[in-house]
Amino acid sequence: MTDALAQKAGDPRGTLAGTADHSEGMSYLHSLPRRLVTLYLPLGLILVVLLFPFYWMALTSVKPDAQLLDMDTYSPFWTWSPTLKHITKLLFETEYPVWLWNTMLVATCATALSIFASVLAAYALVRLRFKGSTVAGGLIFLAYLVPPSILFIPLSTVVFQYGLFDTPFALILTYPTILIPFSTWLLMGYFKTIPFELEECALMDGASRWQILVKIILPLAVPGLISAFIFCFTLCWNEFIYALTFISTTSYKTVPVAIVTALVDGDVYRWGSLMAGAMIGSLPLVVLYAFFVEHYVSAMTGAVKE
Amino acid sequence: MSIAAPTAKPAREIREITAWDRLKVNKNWLGAWFMLPAAAFLILFLAYPLGLGVWLSFTDARLGRDGVFVGVENYIYLWEDSVFWLSVFNTILYTGVASIIKFAIGLYLALLLNENLPFKAIIRAIVLIPFIVPTVLSAIAFWWLFDPQFSIISWSLKQMGLITQNIDFLGDVWNARWSVIFANIWRGVPFVAITLLAGLQTVSPSLYEAATIDGASTWQRFRFITYPLLTPIIAVVMTFSVLFTFTDFQLIWVMTRGGPVNATHLMATLSYQRAIMSGYLGEGAAISTAMIPFLLAAIMVSWFGLQRRKWQQGGDND
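Sequences listed follow chains A and B, in order.
Using this note's numbering, read the first sequence as starting at 1 and increasing by one per residue.
Using this note's numbering, read the second sequence as starting at 1 and increasing by one per residue.
Mixed in with the good hints, there may be bad ones.
What the hints assert, rightly or not - PhoX-like mimics (lysine-lysine), calculated; alpha carbons at most 20 Å apart, straight line:
#1 A:Lys131 / B:Lys120
#2 B:Lys158 / A:Lys131
#3 A:Lys192 / A:Lys131
#4 A:Lys192 / A:Lys215
#5 B:Lys24 / A:Lys215
#6 A:Lys192 / B:Lys27
Hints listed in this document are in silico derivations from the structure and should not be mistaken for laboratory results.
Start from the sequences, fold in the hints, and give me the full structure.
In structure tokens form, the structure reads like this:
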């Protein structure tokens, strides 16, 4: 048990990479034609379906208007005259940069707040083992299962009562309710893998609990913190229903809400700028994800397994 | 050196241990302070609104006006409201069909990805992209793909000679239902596949080798090794999947707003429409509250799934 935990601490992606190199075991039994039909063909098909909407999104955002709706003279699957018209229109003629900035601000603040609260809570639940810590842990898990779509109605009256309605604080303070349960649960898993002896040594040397947390636990839990950060940031960026309900001024809106409410007009040629907006709105997350894919996967699977 | 130490340094003055010193190392006292930020958020913005929501459902509150207690009037109204029952039907259909297909394709994709593949890491990263991209933004892409006039799907099918008319994806009752279910499956499969893949990779290959020597077929290896070992993680993944599908809002709101003729209204979108757009907070809250029993059922499944995992793997409760 201890060995397994120590191994996991050293290799945060152990869950995924751990047994990967053994899997060649019996694959020599399958011939290439057989693998082609049973493996590569279905896999390729699924990948095409999964990626086609993004291809279409990117293509639409650079197609000239004339080609967009005329599918008979031009092949709809490619364009030889890409244009940046939709993107420049989006960036310079709409409030899109403001929305992007709002989303960034709200996501960063809410994530920072949540990680702060979760680190403290997770440490207390795993290591202080205070009276009632098991119950508190269970309650936090239950909070994870309360979806925003049954909370937004009463929450809108609460936000109004607290005087936060139509300010960025409405989102910065409500998003942590989605993020804290998840990241606490995730960080608890990471903290459990840090050997208790380290902490005992520090206690013997006279360190306070706060010093132990800041100087010993946190440096060792950096992979877990990154996972939690990435996942929380993605969830914030993704959030829709609270942002739709609590914000009514266009210049305070976040990208997902603003695209749906402010960018959709009756124009038949709106698709170019809509798709450009959707693409640019997803780009920061995809870039972030590309850099931290292992952390992201371990956050996602860790939350399910712990 | 170590022997000389006590004499070289005069013994520190022994201080009386005060109540404050004891309190500073008291686990319960420290625990309370460490839990405070998280607890404050969750109580102010989660537990209190949850309770308030149930209370609101028993009042006739409107947007911007406090309501008075009206008992179960909202529920009686909903009981006789055919649109509400339609939304319940839609929600169950949407959740049921989407979850089953997500599970089937997700498990299949996980099994495929578990094979020995070139560029495995990159393929796995690509598979997850639909899950990363904000739902609303991919929903807009689907909205465009399902456009009644300029849909590329209709165009392709027409070119292949399979249909003569454009398909009205989001304008026809059943087409709209299948279209939003498809978009939901598209977004949900990566999550199911990647988490199940993580579970698959913990299954020891030696079990398959032993079974193959004993003459087990591919199906038997799946049925008697993979599936039983994967059951606990399937239970958890599917609980989350059901939970998030059941309470889905974004996809529907962007693609159809509940139309045509309420055919794709889920309980979440209906409650938004009634509470925020029409201003009947009490009625909307009653619809939200009606979702709670389903939610509890999902949580129970999740809880027992987790419990079973512990004894199956012989672990303790820590």
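Status of each hint after checking the structure:
1. With a C-alpha separation of about 46 Å, the suggested pairing of Lys131 (chain A) with Lys120 (chain B) is violated against the 20 Å cut-off.
2. Distance check on the hinted pair: Lys158 (chain B) and Lys131 (chain A) sit about 68 Å apart at the alpha-carbon level, beyond 20 Å; violated.
3. Straight-line distance between C-alpha atoms of Lys192 (chain A) and Lys131 (chain A) comes to about 18 Å, which keeps the hinted pair within the 20 Å bound.
4. Between Lys192 (chain A) and Lys215 (chain A) the CA atoms are separated by roughly 17 Å; this keeps the pair inside 20 Å, and the hint holds.
5. Our distance criterion of 20 Å between C-alpha atoms is met by Lys24 (chain B) and Lys215 (chain A), whose separation comes to about 19 Å.
6. In summary, the hint linking Lys192 (chain A) to Lys27 (chain B) is supported, as the alpha carbons are separated by about 18 Å, within the 20 Å threshold.
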